[in-house]
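Student: Quick one: dock chain against chain with the hints and give me the complex.
Line by line, the protein sequences give chains A and B.
Position 73 (the first sequence) corresponds to 73 in the working numbering; numbering is contiguous.
Position 15 (the second sequence) corresponds to 15 in the working numbering; numbering is contiguous.
What the hints contain is simulated information worked out from the structure, not anything from laboratory work.
In this text the structure is predicted, and so the values were computed from the model without any measurement.
Certain hints may be false.
[Stated by the list, open to error] What follows is a list of derived Cβ distance ranges for each label pair:
#1 GLU69(A) with VAL13(B): 26 to 36 Å
#2 ASN67(B) with GLU15(A): 46 to 56 Å
#3 THR101(B) with GLU62(A): 17 to 27 Å
#4 GLU62(A) with GLU17(B): 36 to 46 Å
#5 GLN41(A) with PHE47(B): 37 to 47 Å
#6 THR31(B) with LYS14(A): 45 to 55 Å
#7 GLY3(A) with SER12(B): 30 to 40 Å
#8 LYS57(A) with PRO41(B): 28 to 38 Å
#9 SER61(B) with THR79(A): 26 to 36 Å
#10 SER12(B) with SER67(A): 41 to 51 Å
[As the list claims (entries may be wrong)] Okay, derived cross-link-like pairs now, DSBU-like style, lysine-lysine, Cα gap no bigger than 30 Å in a straight line:
#11 LYS70(B) with LYS9(A)
#12 LYS3(B) with LYS83(A)
#13 LYS57(A) with LYS38(B)
#14 LYS71(A) with LYS57(A)
Cβ coordinates follow ideal geometry from the N, Cα and C atoms, glycine included.
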Amino acid sequence: DGGITQSPKYLFRKEGQNVTLSCEQNLNHDAMYWYRQDPGQGLRLIYYSQIVNDFQKGDIAEGYSVSREKKESFPLTVTSAQKNPTAFYLCASSIRAINNEQFFGPGTRLTVL
Amino acid sequence: AQKVTQAQTEISVVEKEDVTLDCVYETRDTTYYLFWYKQPPSGELVFLIRRNSFDEQNEISGRYSWNFQKSTSSFNFTITASQVVDSAVYFCALSEADWDTGFQKLVFGTGTRLLVSP
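Isolated chain B, as found in the complex (with noise of 0.2 Å):
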């Protein structure tokens, strides 16, 4: 079954410092997508990306970007110049086939706690 980890559970930064959030998954599928969310305190999961498996380009927006290595099966997530804002639980995310009913379910990582003081 796939599977997806985030081994980092809480991670504590200053403002200002560069931090990245590893994730590494399994699979046995040959098509699949990655997410990665973030949950702020007040509980709703705000969607930050989608990559499929074949695109391993990197990704910048903003501050944030993503390193895609299917080699490691890796999707790490790098926020520069963190801001006490950043500071949340981020999961990361694998799409999960079902081959009964054609459909993909999402599976999630336990979340790494982002903590980002002044």
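Chain A with its partners taken away, still in its complex shape (with noise of 0.2 Å):
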């Protein structure tokens, strides 16, 4: 079956530790994208890529990273530069990253103790 998998569902993570969150396609989608949710708010971009080697910033991406080594995969860090990451993060990836609708995945909830 094609889709978006996000590896994990729930996250834990100590304060001042780094983390990485999973994502993995087979659609074979150019462009890739992660989202930060926050309860009753829309979703904010954190980073894009439109192809392999290549990704940018979105809007708040600060302290958090990413890479994009494979077209499949678009791995996101969440570093302990991040003042507030307790939050549902969603991945996304689209046919080119221009006027297409976006596909998403099941989303990692990740928890700060």
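Tutor: Structure below.
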């Protein structure tokens, strides 16, 4: 089945630790995205990648880092520099980065203890 | 900057009622796209529709229909004969062009939570 997988579904982290969220897609999409969702708010763009080996900061990139070494994979690292990392993180992909619908993964809920 | 407003935070209806979710947007682009997504309790966003700014024709898909009115900058979503399975958060989104990179990102509204009770 084609789709986007994110792991883990729930993640707990101690304050001061870095943590990496996985995102894999087998849709052969060029573009991939990371969003953050907080209660009662819409989605905010963290990072996006239009092609392999290229990525750009979104609206709230501070405290996060990404890599895009393979077309299928776009992992997100939440660093200790992120002041308020507890949130729901959604990964998405689209055929191209322009005007196409984005398809979303099931999300990872990160809680900092 | 582009903006999407979903003024209804939460709507509660009884099964079989019709319900309309409002979406108002602001943009200076002449070409843009509008989207609706559904987020069920599982958390994954499900794509419902994409509409470009040049196509103002209303669209119907089963119990779902969308009314796009450029004159009022609105893209409203109606569910006819609602069902319990329609309970979810619904997001409206607008594509926003970054003229430096050529990238078009989605700007999301804050969502409307729809509760359909039996």
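Student: Starting from the hint list further up, note which numbers the structure goes against and sort them upward.
Tutor: Of the numbered hints given earlier, those the structure breaks are 1, 5, 9 and 11, listed in rising order.
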